[in-house]
Every structure is written in C-alpha cells, then in structure tokens.
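Peer 1: Protein chains in written order, with full-length UniProt numbering: chain A, 1 to 500; chain B, 1 to 500.
It should be emphasised that the hints constitute simulated quantities derived from the structure, not laboratory data. Errors might be hidden in some of the hints.
If chains are identical, the list can't say which one is meant, so a pair holds when it fits in one copy or spans any two.
[Stated by the list, open to error] Derived SDA-like pairs: lysine to any residue, alpha-carbon spacing no greater than 25 Å straight-line:
1. K427 x R102
2. K122 x R255
3. K349 x R266
4. K254 x P116
5. K122 x P11
6. K427 x R326
7. K427 x G271
8. K427 x H101
9. K122 x A53
10. K209 x G231
11. K375 x F323
12. K427 x P357
13. K427 x V480
14. K209 x G225
15. K349 x E14
16. K375 x R326
17. K349 x R20
18. K209 x G353
19. K122 x K254
20. K349 x P11
21. K427 x E183
22. K209 x E39
23. K254 x T322
Next come the chains, spelled out residue by residue.
There are 2 protein chains.
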Amino acid sequence: MAKDKLKVRRPRAETPRGFRDYFGTEVTERNRMLATITEVYHRYGFDPLESSAVETVEALGKFLPDVDRPNEGVFAWLDEDAWVALRYDLTAPLARVFAQHRNDLPSPYRRYAVGPVWRNEKPGPGRFRQFYQCDADTVGTPTVAADAEICAMLSDALEATGIPRGDYQVKLNNRKVLNGIMEVIGVLDPADPDAHAARRGIVLRAIDKLDRLGDAGVRALLGEGRKDESGDFTQGAQLSAEQAEIVMGFMAAKRDTGAATAARLRELVTGSDTGAEGVNELETMAELLDASGYGPDRILIDPAVVRGLGYYTGPVYEAELTFEIRDEKGRPRQFGSVAGGGRYDDLVKRFTGQSVPATGVSIGVDRLLAALTAKGRAGMVAEGPVVVTAMDRARMADYQRMVAELRNAGIRAEVFLGGGNMGKQLKYADARNSPVAVIEGEDEQARGVVQLKDLALGARLAAAIETNEEWKAQPAQMEVPRAELVAEVRRMMARREADS
Amino acid sequence: MAKDKLKVRRPRAETPRGFRDYFGTEVTERNRMLATITEVYHRYGFDPLESSAVETVEALGKFLPDVDRPNEGVFAWLDEDAWVALRYDLTAPLARVFAQHRNDLPSPYRRYAVGPVWRNEKPGPGRFRQFYQCDADTVGTPTVAADAEICAMLSDALEATGIPRGDYQVKLNNRKVLNGIMEVIGVLDPADPDAHAARRGIVLRAIDKLDRLGDAGVRALLGEGRKDESGDFTQGAQLSAEQAEIVMGFMAAKRDTGAATAARLRELVTGSDTGAEGVNELETMAELLDASGYGPDRILIDPAVVRGLGYYTGPVYEAELTFEIRDEKGRPRQFGSVAGGGRYDDLVKRFTGQSVPATGVSIGVDRLLAALTAKGRAGMVAEGPVVVTAMDRARMADYQRMVAELRNAGIRAEVFLGGGNMGKQLKYADARNSPVAVIEGEDEQARGVVQLKDLALGARLAAAIETNEEWKAQPAQMEVPRAELVAEVRRMMARREADS
Numbered sequence: 001m002a003k004d005k006l007k008v009r010r011p012r013a014e015t016p017r018g019f020r021d022y023f024g025t026e027v028t029e030r031n032r033m034l035a036t037i038t039e040v041y042h043r044y045g046f047d048p049l050e051s052s053a054v055e056t057v058e059a060l061g062k063f064l065p066d067v068d069r070p071n072e073g074v075f076a077w078l079d080e081d082a083w084v085a086l087r088y089d090l091t092a093p094l095a096r097v098f099a100q101h102r103n104d105l106p107s108p109y110r111r112y113a114v115g116p117v118w119r120n121e122k123p124g125p126g127r128f129r130q131f132y133q134c135d136a137d138t139v140g141t142p143t144v145a146a147d148a149e150i151c152a153m154l155s156d157a158l159e160a161t162g163i164p165r166g167d168y169q170v171k172l173n174n175r176k177v178l179n180g181i182m183e184v185i186g187v188l189d190p191a192d193p194d195a196h197a198a199r200r201g202i203v204l205r206a207i208d209k210l211d212r213l214g215d216a217g218v219r220a221l222l223g224e225g226r227k228d229e230s231g232d233f234t235q236g237a238q239l240s241a242e243q244a245e246i247v248m249g250f251m252a253a254k255r256d257t258g259a260a261t262a263a264r265l266r267e268l269v270t271g272s273d274t275g276a277e278g279v280n281e282l283e284t285m286a287e288l289l290d291a292s293g294y295g296p297d298r299i300l301i302d303p304a305v306v307r308g309l310g311y312y313t314g315p316v317y318e319a320e321l322t323f324e325i326r327d328e329k330g331r332p333r334q335f336g337s338v339a340g341g342g343r344y345d346d347l348v349k350r351f352t353g354q355s356v357p358a359t360g361v362s363i364g365v366d367r368l369l370a371a372l373t374a375k376g377r378a379g380m381v382a383e384g385p386v387v388v389t390a391m392d393r394a395r396m397a398d399y400q401r402m403v404a405e406l407r408n409a410g411i412r413a414e415v416f417l418g419g420g421n422m423g424k425q426l427k428y429a430d431a432r433n434s435p436v437a438v439i440e441g442e443d444e445q446a447r448g449v450v451q452l453k454d455l456a457l458g459a460r461l462a463a464a465i466e467t468n469e470e471w472k473a474q475p476a477q478m479e480v481p482r483a484e485l486v487a488e489v490r491r492m493m494a495r496r497e498a499d500s
Numbered sequence: 001m002a003k004d005k006l007k008v009r010r011p012r013a014e015t016p017r018g019f020r021d022y023f024g025t026e027v028t029e030r031n032r033m034l035a036t037i038t039e040v041y042h043r044y045g046f047d048p049l050e051s052s053a054v055e056t057v058e059a060l061g062k063f064l065p066d067v068d069r070p071n072e073g074v075f076a077w078l079d080e081d082a083w084v085a086l087r088y089d090l091t092a093p094l095a096r097v098f099a100q101h102r103n104d105l106p107s108p109y110r111r112y113a114v115g116p117v118w119r120n121e122k123p124g125p126g127r128f129r130q131f132y133q134c135d136a137d138t139v140g141t142p143t144v145a146a147d148a149e150i151c152a153m154l155s156d157a158l159e160a161t162g163i164p165r166g167d168y169q170v171k172l173n174n175r176k177v178l179n180g181i182m183e184v185i186g187v188l189d190p191a192d193p194d195a196h197a198a199r200r201g202i203v204l205r206a207i208d209k210l211d212r213l214g215d216a217g218v219r220a221l222l223g224e225g226r227k228d229e230s231g232d233f234t235q236g237a238q239l240s241a242e243q244a245e246i247v248m249g250f251m252a253a254k255r256d257t258g259a260a261t262a263a264r265l266r267e268l269v270t271g272s273d274t275g276a277e278g279v280n281e282l283e284t285m286a287e288l289l290d291a292s293g294y295g296p297d298r299i300l301i302d303p304a305v306v307r308g309l310g311y312y313t314g315p316v317y318e319a320e321l322t323f324e325i326r327d328e329k330g331r332p333r334q335f336g337s338v339a340g341g342g343r344y345d346d347l348v349k350r351f352t353g354q355s356v357p358a359t360g361v362s363i364g365v366d367r368l369l370a371a372l373t374a375k376g377r378a379g380m381v382a383e384g385p386v387v388v389t390a391m392d393r394a395r396m397a398d399y400q401r402m403v404a405e406l407r408n409a410g411i412r413a414e415v416f417l418g419g420g421n422m423g424k425q426l427k428y429a430d431a432r433n434s435p436v437a438v439i440e441g442e443d444e445q446a447r448g449v450v451q452l453k454d455l456a457l458g459a460r461l462a463a464a465i466e467t468n469e470e471w472k473a474q475p476a477q478m479e480v481p482r483a484e485l486v487a488e489v490r491r492m493m494a495r496r497e498a499d500s
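All chains should be built: construct the whole structure from the sequences, respecting the hints.
Peer 2: This is how it looks when you write it as structure tokens:
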C-alpha cells in the first residue's frame with residue numbers, strides 16, 4: 001500500500017517561485033501597447049531585433065563565473081562544456097549581436113527589441129523573475145543628435161500609447177556635467193582617473209539619496225558622515241562646506257528655461273573641460289529638440305535626474321509621469337519613472353577592442369501598462385464572444401452553422417461545448433462577458449426563429465429598471481427570424497457600443 | 001606580459017550552439033503572420049494565455065529527474081532546492097495552468113498561446129534549440145464538436161495567412177479506429193489493455209514507416225520481420241497475412257467521399273466497439289464541418305494520417321500544404337505538413353487525479369513562414385526609411401526638423417547620424433533600402449529648396465534607360481521647394497508603390 005501511495009504522488013500545479021502566467025486582456029493589452037510603441041520606433045527608422053533568449057555567460061559579461069556555478073543574478077546552467085544563461089536585459093545581447101554581425105549591419109544601427117528577460121533575484125510582491133523589456137538603441141555614432149532623437153521618440157511613443165502631453169516629462173542630464181562637478185570639488189583628476197574612486201562613490205550614493213534623506217542628510221554624507229536613527233554611522237566624502245555647496249547646487253540647478261539651467265551648470269563646472277563639454281551637449285540636445293518641436297513642455301534639462309549617472313557615460317534621460325494616482329491606501333502619489341536610458345560608449349569594446357558609441361532607452365513595460373490602466377487607457381474587460389447555446393446536443397451541426405455565419409461576418413462567436421442546462425450555459429456566457437446569447441430550442445426551430453439575449457443590457461435592466469413598462473420598452477431578449485441572426489446580433493452589438 | 005595578455009582575453013561574440021538571432025523583416029513578418037492567425041483564433045472565442053517560460057521539472061512531467069541532473073531534452077537547472085526547466089512545448093504548461101487556475105477559468109476553456117519553446121537537442125542545419133510555437137486548445141469538453149471547431153479554425157487561419165483554398169488539406173483520422181484495428185488483429189484486448197504492448201508498438205512503428213519502406217517493407221514488419229540493406233534484422237509483429245491485410249487496408253481506406261471512407265473503415269473494425277466509436281466520431285466531425293461549410297475541399301478523412309496516433313487518444317488532425325516547391329537542387333517536392341494536433345484526454349489528470357478531456361492544434365511557425373515565403377506571401381524586403389543626408393554637421397537642427405515633419409506625416413524617416421561624405425551617406429541609404437534620399441547643401445538652403453533622390457527609380461533607370469531623353473523625362477533626382485518636402489516625398493513613394 002505504501003508503495004502504491006508513493007506511485008500516485010501527484011506533481012504540484014504551480015509556477016516556479018517568482019514566475020507567473022498572463023491571461024486574456026493581460027496579454028492583448030500589453031501586446032497592443034507594445035505594437036503602438038514599436039510602430040513609433042519603426043517610423044523613426046529603427047529595425048526590430050529578436051536575439052536569442054539564451055546567451056553564453058561569457059558574452060553576458062557582468063556575470064563571468066569566478067565560482068563553479070555563476071548564479072549571481074542570472075539563471076545559468078552548464079551546456080556541455082560552456083556556461084550559458086538566460087538574458088537579464090536586452091542591452092548586453094545587443095552588444096554581442098552588434099559585435100557578431102557588425103559587417104552586415106548598417107552603421108549607425110538603429111534597433112528596437114521587445115521581449116522577456118529573466119533575473120535570478122528574490123521575488124517579492126509585484127516583483128517577478130521574468131518580465132518584459134522594450135528597448136531602442138542607436139549603435140555606432142557619437143553625436144548627441146542620436147540621444148536627442150531617442151528622447152523625441154520616447155516622447156512620441158508615450159503620447160501614442162495614450163499618455164497626454166502635460167502628463168509626462170522627459171528629463172535630461174549628462175554624466176559629463178557630474179564629472180565636471182567631481183573635478184571642481186577635487187575628487188576626480190582627469191590625469192589620474194582611478195584616484196579618489198572611493199570618495200566619488202560616496203558622493204554618487206549621497207546624491208542618489210536626496211529624495212530619501214533630504215538636504216541635511218545629503219550634506220552630512222558629503223561632509224564628515226551621517227549617523228542614522230539606529231545609530232549606525234556612514235562614512236562621509238569629507239568635502240568642505242564650499243565643495244558640498246557645489247554638489248547641492250548641481251542638483252538644484254534647474255531653472256525655468258533650458259538656457260538658464262545650462263548657464264547655471266556652466267557656472268558650477270567652471271574650470272573643468274569635461275564639465276563644459278557636458279553642458280555643451282545638453283545645450284545641443286535642447287537646441288535640436290526645440291527645432292523639431294519637442295520643447296520643454298515635453299523634454300527638459302533637469303540636473304536632479306541622477307538615476308543611471310553611475311552607469312552611463314554622457315547624456316542620461318528619464319521619462320516621468322507627472323499625474324497623481326491613488327496608492328493602495330487611497331493617498332495621492334506621483335506615478336514616477338516609466339522609462340530611462342542614456343549613452344554608454346564601451347559595451348561593444350569588450351568583444352572587439354574597438355570603442356563603439358551607443359545610446360538607448362528602455363521602457364518599463366509593466367509600469368507603463370499600470371499607468372495606462374490608472375488613466376483608463378488599458379485594463380478594460382475584453383468583450384467576450386457571442387455564445388450560441390446548445391439546447392439539443394443532437395443539433396450541434398445547426399449551432400455550428402450559426403457560429404460560422406457570425407464568424408464569417410467578423411463577429412467573435414462560439415458554441416457552448418460544455419455540459420449543462422440553459423441556466424449553466426447562460427452563466428457561462430456571463431462569465432465570458434458575452435454581449436449576446438443565442439437560443440434556438442425545438443419550438444424556435446419549428447417556427448424558424450431564434451431568441452437573442454442581450455446580456456449586458458439584461459444586467460443593466462435588472463439593476464435599474466423599475467416598472468414592467470420600461471422592461472417591455474427595452475427588452476433584453478428578443479425573437480428574430482433565423483435568417484436575420486447575423487444582422488440582428490450586429491445591430492445589438494452596435495447599440496451596446498453606442499451606449500458605452 | 002603573459003598575465004597582461006590573459007587579462008585582455010576578449011569574450012567571443014557568438015550565440016550559444018544551436019541558437020540564433022532574428023533581424024528586421026524576419027521579426028516583423030513572423031509577427032504579422034502570428035497576428036493574423038491569432039485574430040482568427042480570437043474570432044472563434046479563444047483567449048490568449050502567456051504562461052511562464054520556466055516551469056518546475058515536476059510540472060513538465062515527461063522529464064522527471066531519475067538522475068541527479070534531468071537534462072534529457074530540456075534545459076534544466078537547480079533553483080535552490082527545486083529543479084526547474086525551460087518549457088519544451090506549450091501543451092505541458094497548459095495542463096499545469098489549467099490544473100492551477102481551473103476554478104477561475106471558464107469551462108470549456110478555449111485558449112491560444114504563442115511563444116518560444118526550448119529543446120536541449122543536438123542542433124543541425126535549420127534546426128535550432130529555440131523556436132516558436134503557436135497553439136490553440138480547448139480544455140474541458142469531450143465532444144468532438146470541439147475537435148471539428150479546431151479543424152475549421154485551422155483551415156480559416158491558413159487561408160487568412162495567404163494559403164489559398166486548394167493549396168492545403170486538413171486531414172482527419174482517429175486513434176480509436178486504429179485501436180479497433182488493433183483489437184480486430186488480436187494485439188489489443190479491451191479487458192487487459194496492457195497485454196500485447198510490445199507487438200502494438202511494432203505495428204505502430206511499421207505503420208509510421210509506410211512512406212519510407214513501402215508496402216512490402218511494412219508487410220514484412222507486420223509479419224516475421226525485416227532485414228534491411230545492412231543485414232540488420234528487425235523483429236516483426238508476427239501477424240498473419242490476413243491480419244496484416246487489415247492493417248494495410250486501414251492505411252489505404254481513403255475513398256472519394258468521407259461517407260465512403262467511413263463505410264470502409266467500419267468494415268475493417270467490425271467487432272470492435274472502440275473502432276465503431278472512432279468511426280462514429282469521424283462521421284460526426286465530417287457532418288459538423290460540412291454543415292458549417294468546411295467540406296472535403298478543405299477538411300477530409302484520411303486514414304493515412306498516422307503522425308501522433310501513438311500520442312493522441314481520439315481525433316487526430318494534420319494540415320498539409322499540397323502545392324509543390326523546388327528543393328535546394330531545383331527538384332519539385334510537396335511542401336508537407338505545417339500543423340498537427342488531436343485529442344489528449346489525460347494531461348491534466350497527472351495534477352488533479354480527474355480526467356480532463358482536451359483537444360488542440362500546434363502550427364509549425366517556421367515551416368508555415370517558409371511556405372508563405374515560397375508562395376511570395378512573405379520574405380519581402382522591408383521598405384527602409386527616407387534618409388535625410390547630413391551635408392553640414394552644424395545644421396543638424398534643420399535636418400531634424402525635416403525628419404520630424406516627415407514622421408508627423410506618418411512617413412518612416414531618419415537623419416544620417418554617422419560620419420562620411422555624400423557618397424557614403426547615399427550608400428548607407430541604399431543599404432537601408434531607402435526609397436528617397438533628401439539632400440540640402442549650402443546652395444539649396446540659400447535658394448530655399450531641397451534635392452530629392454528617388455533611389456529605387458535611380459537604380460532601375462541606371463539599369464534600363466538607354467537615351468538621355470528618357471533620363472530627363474523621368475528624372476531620378478528633382479529639386480523641390482523646401483516647403484513642399486513632405487508632399488513631394490509622399491508623391492514619390494505613392495508612384496513607387498503604383499509601379500511595383
């Protein structure tokens with residue numbers, strides 16, 4: 001007996017920890033949003049690329065195995081004698097693809113990519129180990145015109161998905177300006193770039209904490225250090241008050257116009273060639289964008305954008321949604337960032353030894369879809385199919401003929417194929433969010449008619465109508481000649497659309 | 001020095017063995033084909049499902065680990081204490097999803113799924129370890145009306161992608177008829193289904209080899225056995241000549257009409273209840289399909305369809321393309337199968353203990369795309385963007401303004417962002433398959449005009465035009481006022497479309 005029991009132990013029907021499935025409109029609405037975005041990318045001359053989901057660990061780079069099993073952050077396994085892994089983003093594969101196929105690709109190479117990526121991280125609420133990314137990058141040109149183009153494209157893409165102008169801002173910053181600041185405060189020496197790395201790290205991390213710690217906390221971290229509430233002490237960057245002032249000034253440099261902001265930044269980086277170059281780049285981008293109609297109402301210089309400043313090498317950009325939503329406790333809060341990117345000039349060099357300039361943006365697919373849902377632009381319940389009920393199993397051929405007629409007229413339709421009486425069939429139709437149920441029993445067949453049940457109207461009537469007269473005036477069920485099935489269903493669905 | 005050399009060893013820019021990347025139209029044409037197919041599925045009431053790419057090895061089932069590392073056929077790795085793997089098809093995940101979410105899903109549950117699957121198999125020419133599948137299944141109903149519906153849907157989907165009626169056939173068979181044959185020849189005992197398993201296996205394998213071995217070879221395998229050219233002997237099923245005749249008769253049972261084929265099958269399975277049930281199912285399906293307009297010109301009973309008979313439990317169906325293509329040596333050959341499916345009633349039972357009837361089809365995405373390319377319905381070169389050349393770097397803002405105008409008019413356009421003279425820029429435009437190049441140098445700017453170069457026409461003219469008069473009559477380059485840029489480009493592209 002024990003052995004028999006062991007034999008019938010059943011597998012658990014569960015996704016692995018941190019993975020999930022997507023159903024119905026979750027799939028179609030994401031696909032529709034991505035199709036809208038990639039149509040904009042296509043209009044900008046970007047070509048699609050779908051790279052392999054599996055890469056050699058060697059090509060992914062960041063995660064080279066220094067232990068037997070390189071599982072830091074990625075899902076990796078040994079394929080015969082080589083470690084391979086699922087891609088963790090779409091940028092590392094782009095660098096590999098460009099290095100591998102550079103002789104066959106146009107230069108500059110504008111490409112977009114959409115697809116799942118995988119992260120071997122601790123899952124949490126709303127935090128999954130497989131999710132979509134949607135990237136666009138231009139590889140092979142150093143001109144910031146490429147960065148400006150991507151900012152304009154991002155702006156167009158957001159508006160195309162249904163985020164109105166005024167409800168988002170694309171914010172621009174530049175790593176070189178920050179480097180200029182670092183030079184001015186003496187923690188970056190152009191002649192010896194590796195010196196002061198630890199103090200630069202402290203400055204970068206302090207800047208990144210402005211939101212959380214406020215002015216005083218950041219000033220403490222820029223100076224001697226900071227003791228937090230628990231009493232733990234974080235070592236500071238040991239800047240003088242004057243030096244710290246320059247860093248604080250950088251983050252607060254935003255003025256009413258791009259020109260004024262640039263002028264303020266130019267003051268702050270006085271004496272640094274790199275800093276001046278960064279300000280020039282910001283000015284050039286603003287000029288190019290203004291010329292093509294992407295003014296500060298859409299894209300503006302904002303030195304408070306620091307996300308990614310540690311990673312990128314030149315322009316950095318981020319799209320923020322500026323409208324308020326309610327959080328789970330009903331409190332208003334800003335939606336925040338839905339896309340970010342910038343210039344990274346050394347990714348391809350790993351493979352070829354040659355520096356290949358590149359710039360690109362990644363849209364947070366799940367976040368943008370959540371934003372569209374919050375704006376009522378997505379998250380709608382899908383219209384279900386017209387359901388032809390099956391009163392009499394033996395007459396399935398008649399019911400199939402009906403759905404074939406409806407489908408040939410472009411109407412989504414299905415026959416009920418399960419078991420059960422009329423009540424169960426109508427319940428199924430309701431659960432499917434079906435607009436219309438079709439009923440043809442023995443009596444109807446004999447008289448050459450069908451009953452059409454307007455399920456949505458029926459639900460509304462049941463909730464709202466008070467008198468019998470009203471019910472009769474707007475019947476939720478009607479009898480029509482069999483020959484007029486398609487025309488009548490179409491009419492009911494059109495009325496429903498007009499009502500909603 | 002040796003140490004320094006080691007340090008700069010560069011990673012190889014290569015996909016792992018058996019994986020590949022897809023570029024440009026390879027991506028868009030597959031997506032377009034899949035969008036067409038899923039639109040048909042949607043019209044039939046099927047809902048999309050996108051399940052996790054990673055499953056527990058336990059849920060995938062077939063590959064339960066009986067060794068430390070379960071790598072037979074799948075890519076698997078240890079995730080903390082559980083083995084997980086990339087899905088190898090879309091059916092095993094459906095069974096897991098249905099078992100996991102059955103209380104929230106409609107019943108019957110019609111779903112379609114599109115996405116990559118992964119196989120840990122030896123790669124070969126044209127045989128990759130990641131490829132797309134496109135499936136549609138109905139879970140939760142035993143009626144063969146569901147099987148018929150899927151056959152009709154498959155037929156509609158093929159026609160929607162561009163395979164004309166007459167160029168394909170959906171062929172129907174039924175596992176129960178084969179089981180009836182097995183009963184009649186004495187290798188299947190309904191009272192003891194496990195008996196004779198070995199001989200049934202030999203019969204199944206023999207049937208499957210009809211194409212390759214011909215009548216005589218199959219007869220040998222059904223009887224004593226067969227010695228192949230190398231002298232190796234394959235044990236036969238030990239059927240008598242009369243018994244073998246019944247098997248051969250089964251495979252050759254196709255007649256001019258479905259009714260005649262069914263009648264012939266009914267003769268062959270005389271005495272077997274299962275066989276009679278299978279014939280009834282085939283008849284019912286043919287009846288339902290005829291009633292909704294899917295006659296034998298699209299869907300027909302063909303007992304020679306044996307693919308999958310070992311796996312499925314009831315109806316089996318397969319879509320074959322019947323037109324000829326040329327193989328790599330220029331010889332005509334039939335295109336063959338592009339989709340297959342059938343009824344499998346026990347996949348969900350593994351999880352829940354309850355038998356859940358299901359039926360479904362899988363389209364071979366790469367094969368169908370190859371077929372459409374062979375028919376000239378896919379494989380076209382994508383139209384590249386209008387390229388605005390950048391004669392003068394300092395005037396990038398003007399060029400950006402031009403592409404913004406073109407894009408706002410819905411025209412795909414880009415500025416040349418690379419380095420190089422006009423010759424290099426026009427070469428780039430050609431490589432991009434650009435329809436029109438826009439040129440505005442100092443002189444043009446001063447006169448308020450732009451040059452438009454019709455690149456496609458230019459190529460044709462260079463090849464075909466013989467006299468100077470003709471050249472002038474249809475110039476490949478024209479000067480137009482700057483203000484008429486968009487209108488003129490649109491006119492040139494419309495003319496191009498009309499010409500092609």
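Peer 1: All hints, please: hold or fail.
Peer 2: Here's how the hints hold up against the structure:
no.	hint	in the structure
1	K427 x R102	between (58 Å within a copy, 16 Å between copies)
2	K122 x R255	neither (41 Å within a copy, 61 Å between copies)
3	K349 x R266	neither (31 Å within a copy, 71 Å between copies)
4	K254 x P116	neither (36 Å within a copy, 46 Å between copies)
5	K122 x P11	within (24 Å within a copy, 29 Å between copies)
6	K427 x R326	neither (34 Å within a copy, 53 Å between copies)
7	K427 x G271	neither (75 Å within a copy, 43 Å between copies)
8	K427 x H101	between (56 Å within a copy, 18 Å between copies)
9	K122 x A53	both (21 Å within a copy, 18 Å between copies)
10	K209 x G231	within (18 Å within a copy, 78 Å between copies)
11	K375 x F323	within (9 Å within a copy, 51 Å between copies)
12	K427 x P357	between (60 Å within a copy, 21 Å between copies)
13	K427 x V480	within (22 Å within a copy, 65 Å between copies)
14	K209 x G225	within (13 Å within a copy, 79 Å between copies)
15	K349 x E14	between (42 Å within a copy, 15 Å between copies)
16	K375 x R326	within (11 Å within a copy, 54 Å between copies)
17	K349 x R20	between (36 Å within a copy, 22 Å between copies)
18	K209 x G353	neither (36 Å within a copy, 54 Å between copies)
19	K122 x K254	neither (37 Å within a copy, 58 Å between copies)
20	K349 x P11	between (47 Å within a copy, 10 Å between copies)
21	K427 x E183	neither (71 Å within a copy, 43 Å between copies)
22	K209 x E39	neither (37 Å within a copy, 48 Å between copies)
23	K254 x T322	within (17 Å within a copy, 68 Å between copies)
Checked against the numbered hints above, the structure violates hints 2, 3, 4, 6, 7, 18, 19, 21, 22; every other hint is satisfied.
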